[in-house]
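There are 2 protein chains.
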Amino acid sequence: MTQELILNQRVVLASRPQGAPTPENFRLEREALPDLQDGQVQLRTLYLSLDPYMRGRMSDAPSYAAPVEIDAVMEGGAVSVVEQSRNPKFKEGDLVVGQTGWQTHSISDGSNLLMAPKDLPSPSMAVGVLGMPGITGYMGLMDIGKPKAGETLVVAAASGAVGSVVGQVAKLNGLRVVGVAGGEDKCRYVVDELGFDACIDHRSDDFAEQLKAAVPNGIDIYFELVGGKVLESVIPLLNERARVPLCGLIAHYNAQSEPEGANRLPLLMRTLLTKRAKIQGFIVYEEYYHRLDEFMQAMIPLVKDGKVKFREDVVEGLENAPDAFIGLLDGKNFGKLVVKVS
Amino acid sequence: MTQELILNQRVVLASRPQGAPTPENFRLEREALPDLQDGQVQLRTLYLSLDPYMRGRMSDAPSYAAPVEIDAVMEGGAVSVVEQSRNPKFKEGDLVVGQTGWQTHSISDGSNLLMAPKDLPSPSMAVGVLGMPGITGYMGLMDIGKPKAGETLVVAAASGAVGSVVGQVAKLNGLRVVGVAGGEDKCRYVVDELGFDACIDHRSDDFAEQLKAAVPNGIDIYFELVGGKVLESVIPLLNERARVPLCGLIAHYNAQSEPEGANRLPLLMRTLLTKRAKIQGFIVYEEYYHRLDEFMQAMIPLVKDGKVKFREDVVEGLENAPDAFIGLLDGKNFGKLVVKVS
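Residue numbers (UniProt numbering), protein chains in the order written: chain P, 1 to 342; chain W, 1 to 342.
Among these hints, one or two may not hold up.
List time: in silico BS3-like cross-link candidates among lysine-lysine, alpha-carbon distance up to 25 Å [said to hold, decoys possible]:
id	chain 1	residue 1	chain 2	residue 2
1	P	307	P	118
2	P	146	W	275
3	P	229	W	275
4	P	275	W	146
5	P	275	W	229
6	P	146	W	146
7	W	275	P	275
The hints are simulated quantities; they were obtained by calculation from the structure and are not laboratory data.
Assemble the whole structure, with the sequences as input and the hints as a guide.
See below:
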């Protein structure tokens, strides 16, 4: 059987960043796709998800996952359409989600693929509110945060993919919800559209004072995505038995050394001790993908009924992924950042 | 009914310490005990327990418990004998444990008293290995630490009241156990008598390197009692899904400001994230006193059979309690510090 020659475009890691990534750390390549073997499927990428965790994969510092090798395709989740299948579990036209990387096409044996939820208004939702970021926010909140009506929750990156799910689901559970975001536009969106009780601009000079004023009863759950000065402002406001689900630290991803100045480690430890509080790190793939059904059953109706809203920041074309990713680490996106690949 | 006049000696808080406590922060007083009312018992203190947490009660900084007021008797747990009872639940000669304070006698309505375990070789054990420190170590280890055979545990203050219980119970659960203690004598005791696999002297110049060499498979449980440089040395050695039960930070209790230098907060947070690790603060009275029976059933046989050993550092006379307590915060005691009051 002869096969049509498919030219795959892909973004590879050209070099490891020192501090913030630059365009030179990435390289766009073209290659012919190899022939499809029995058991394999050939995929065409529709939407590539760009997420802060990818910064970790660009470095070879110890982490929970192996780094991307130099000259290898950048790691990333995407929603794709099956173009050809020699695997009985998949047929042409199926929409699938998997860690298929920053590329226009990919070949898989199917073991790393999940079927996308059916009948989505946009396939991109399968890598956003109903994908990895949504699962991260929902499961981290429910399983570690254990929200109780009347409590107060704070989440930063509140207009983003994870933070917006965390805050809206917490509101539906009867909590007071305070977001943190960068800039007036994002804060207005978080309050007016997402229904948070308040949102504080982390660029404000008096950020810590504003945050304190917004949580008159203290903070019971701090969903940690950012670290940095937001965390330092949150620590003194934590209540007894506060819970801190920890799945991101975007403020630190580009750091090359520890900040000088007062050592805040003792402050955190004293607070955890005197408040009997808990911090727990989690990685959504490891901890919660076996509970995907639970998530989908809870979240699909909420999204369909408009009770959980979401916003996407769509960039056109794989070649623009590096710039978009660099901007993501600087908070330049507004909503879940996805690349429309084809 | 006429009652014999009983002269009570007590140590009150004369002033709040700035940094390390000094003898001037305490004052020894004598007072006549008031007459016993219906429902009350009159107690004579046998052994007063001195514990690091008491430093927190001397300050009026926010904490999980109210501070001791100036001129009020110092807070502390003790084992006492019932001298007179007008409460049907207690009879003369009963041994009881409670937060009766730094004094030779006390009067109680019984609500804050527990019966001491029967047939102890020394009543002092009721405030040590079978009292608050023992419960703290045992429950924090089992409930938050969740030890599994083959894992590695590190505990500092390893020759002390809590640390010695943590390490020995962990050994009985099949863990590799590494202690940290101050000085050669304590380290020798921890290994030779308590049976830890290793013990590192935190006064060594190359403490961090020695600790690393002692945990070739990393650290799965770090039972946190001390903070400071031990914690900073532990952080890089934590394994995936490590657990850190946190119930003390003795290295910080006398601190008057945050240490300058590198801010280790980001390092801790990154470690918790990438290792999916957990830190959880707990206060034994709040979390675990309802599980006292579970503790006693597990621990009394271990102590009676000599499987959990303990060492006491006994100071004679209430008047020596302030100096002994000041030394405790400086690691001068060797074993559980108790004051033989009468």
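Going through the hints against the structure:
1. At roughly 19 Å between alpha-carbon atoms, residue 307/P and residue 118/P fall within 25 Å of each other, so this suggested pair holds.
2. The straight-line distance between the Cα atoms of residue 146/P and residue 275/W is roughly 21 Å, inside the 25 Å bound, and the hint therefore holds.
3. Among the hinted pairs, residue 229/P with residue 275/W is consistent with the structure: their alpha-carbon atoms are about 22 Å apart, no more than 25 Å.
4. Of the supplied pair hints, the one linking residue 275/P and residue 146/W holds, its CA atoms being roughly 21 Å apart against a limit of 25 Å.
5. Taking the CA atoms of residue 275/P and residue 229/W, the gap is about 22 Å. The hint holds against a cut of 25 Å.
6. Proximity of residue 146/P to residue 146/W is assessed by CA-CA distance (about 20 Å); at most 25 Å being required, the pair is judged to hold.
7. A threshold of 25 Å between alpha carbons decides the hint, and for residue 275/W with residue 275/P the separation of about 23 Å falls inside it, so the pair holds.
Consistency note: the structure conflicts with none of the earlier hints.
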